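Using the sequences plus the hints, can you model the full thing?
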Amino acid sequence: MIAADQFQCSNQGVLWKGVKMEKYSIKQIWEAIRPRGELLPGCQLIWGQFQIPRNSLLVWLAMIDRINTLDKIKKWKTDVDETCPLCMILLESRDHIFP
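Those letters in the sequence shown? Residues 16 to 114, by the working numbering.
In case anyone wonders, no lab produced these hints; they're calculated from the structure. Because the structure is a prediction, the values reported are computed rather than measured. Keep in mind that a hint or two might mislead.
What follows is a list of derived Cβ distance ranges for each label pair [unchecked claim]: (1) ARG81 to GLN43: 25 to 33 Å; (2) LYS89 to GLN43: 41 to 49 Å; (3) ARG49 to ASP96: 37 to 45 Å; (4) PRO114 to ARG51: 31 to 39 Å.
Every residue gets a Cβ at the ideal spot worked out from N, C-alpha and C, and that includes glycine.
Right, dumping it as C-alpha coordinates:
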(Lines of atoms letter the chains of each structure in order from A and count residues from 1; the text may use other names and numbers.)
(Lines give C-alpha, C1' and ligand atoms only; values in the text may rest on other atoms or scores of the structure.)
Protein backbone atom coordinates (compact mmCIF):
# COMPACT_ATOMS: atom_id res chain seq x y z
CA MET A 1 0.00 0.00 0.00
CA ILE A 2 1.20 3.53 -0.72
CA ALA A 3 1.70 5.61 2.42
CA ALA A 4 0.02 9.01 2.61
CA ASP A 5 3.33 10.73 3.39
CA GLN A 6 4.53 9.87 -0.13
CA PHE A 7 2.18 12.47 -1.62
CA GLN A 8 2.22 16.24 -1.61
CA CYS A 9 -1.10 17.92 -2.42
CA SER A 10 -1.39 21.38 -3.94
CA ASN A 11 -3.96 23.37 -5.88
CA GLN A 12 -2.29 22.21 -9.11
CA GLY A 13 -2.58 18.50 -8.36
CA VAL A 14 -0.92 15.70 -6.46
CA LEU A 15 2.84 15.11 -6.52
CA TRP A 16 4.21 11.67 -5.72
CA LYS A 17 7.43 11.89 -3.68
CA GLY A 18 8.53 8.25 -4.07
CA VAL A 19 11.32 8.49 -6.64
CA LYS A 20 12.90 11.40 -8.48
CA MET A 21 12.54 10.84 -12.22
CA GLU A 22 12.99 12.85 -15.39
CA LYS A 23 10.08 11.10 -17.11
CA TYR A 24 7.00 9.48 -15.63
CA SER A 25 7.49 5.71 -15.62
CA ILE A 26 4.93 3.15 -14.51
CA LYS A 27 7.73 0.59 -14.15
CA GLN A 28 9.69 2.79 -11.72
CA ILE A 29 6.58 3.49 -9.64
CA TRP A 30 5.68 -0.20 -9.55
CA GLU A 31 9.21 -1.11 -8.44
CA ALA A 32 9.01 1.53 -5.68
CA ILE A 33 5.66 0.41 -4.23
CA ARG A 34 5.39 -3.31 -4.92
CA PRO A 35 5.61 -5.74 -2.02
CA ARG A 36 8.79 -7.78 -1.94
CA GLY A 37 9.16 -11.28 -0.58
CA GLU A 38 10.57 -14.69 -1.30
CA LEU A 39 9.34 -16.48 -4.39
CA LEU A 40 7.35 -19.60 -3.73
CA PRO A 41 8.65 -22.94 -5.05
CA GLY A 42 7.58 -23.44 -8.66
CA CYS A 43 6.71 -19.78 -9.13
CA GLN A 44 9.18 -19.38 -11.99
CA LEU A 45 7.67 -22.39 -13.76
CA ILE A 46 4.25 -20.75 -13.74
CA TRP A 47 5.11 -17.08 -14.22
CA GLY A 48 8.39 -17.42 -16.16
CA GLN A 49 9.46 -15.10 -18.94
CA PHE A 50 8.49 -17.49 -21.74
CA GLN A 51 5.16 -18.65 -20.31
CA ILE A 52 1.86 -17.78 -21.97
CA PRO A 53 0.03 -15.48 -19.50
CA ARG A 54 -3.38 -17.11 -20.08
CA ASN A 55 -1.94 -20.54 -19.28
CA SER A 56 -0.08 -19.19 -16.24
CA LEU A 57 -3.29 -17.72 -14.88
CA LEU A 58 -5.19 -20.99 -15.40
CA VAL A 59 -2.49 -23.05 -13.66
CA TRP A 60 -2.28 -20.57 -10.78
CA LEU A 61 -6.08 -20.61 -10.32
CA ALA A 62 -6.02 -24.42 -10.35
CA MET A 63 -3.27 -24.48 -7.72
CA ILE A 64 -5.26 -22.29 -5.33
CA ASP A 65 -8.54 -24.11 -6.15
CA ARG A 66 -10.33 -21.08 -7.60
CA ILE A 67 -11.49 -22.51 -10.95
CA ASN A 68 -15.26 -22.48 -11.32
CA THR A 69 -15.81 -26.16 -11.90
CA LEU A 70 -19.28 -27.67 -11.81
CA ASP A 71 -18.89 -28.85 -8.22
CA LYS A 72 -18.42 -25.21 -7.15
CA ILE A 73 -21.17 -23.86 -9.40
CA LYS A 74 -23.53 -26.41 -7.84
CA LYS A 75 -23.10 -24.57 -4.50
CA TRP A 76 -24.50 -21.37 -6.05
CA LYS A 77 -27.12 -22.89 -8.32
CA THR A 78 -28.86 -26.10 -7.24
CA ASP A 79 -30.15 -27.28 -10.63
CA VAL A 80 -26.70 -27.95 -12.15
CA ASP A 81 -25.62 -31.39 -13.32
CA GLU A 82 -22.13 -31.93 -11.86
CA THR A 83 -21.21 -34.71 -14.30
CA CYS A 84 -18.04 -33.99 -16.25
CA PRO A 85 -18.99 -33.14 -19.86
CA LEU A 86 -15.78 -34.74 -21.14
CA CYS A 87 -15.98 -38.23 -19.62
CA MET A 88 -19.69 -38.24 -18.64
CA ILE A 89 -18.83 -40.52 -15.68
CA LEU A 90 -17.25 -38.65 -12.77
CA LEU A 91 -18.15 -35.37 -11.12
CA GLU A 92 -16.33 -32.34 -12.52
CA SER A 93 -13.90 -30.90 -9.97
CA ARG A 94 -10.42 -29.44 -9.94
CA ASP A 95 -8.93 -32.78 -8.91
CA HIS A 96 -10.77 -34.53 -11.75
CA ILE A 97 -9.68 -32.04 -14.44
CA PHE A 98 -6.12 -31.56 -13.13
CA PRO A 99 -5.15 -34.94 -11.59
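Exercise for review: Just pull the numbers of the violated hints for me, sorted ascending.
Suggested key: none
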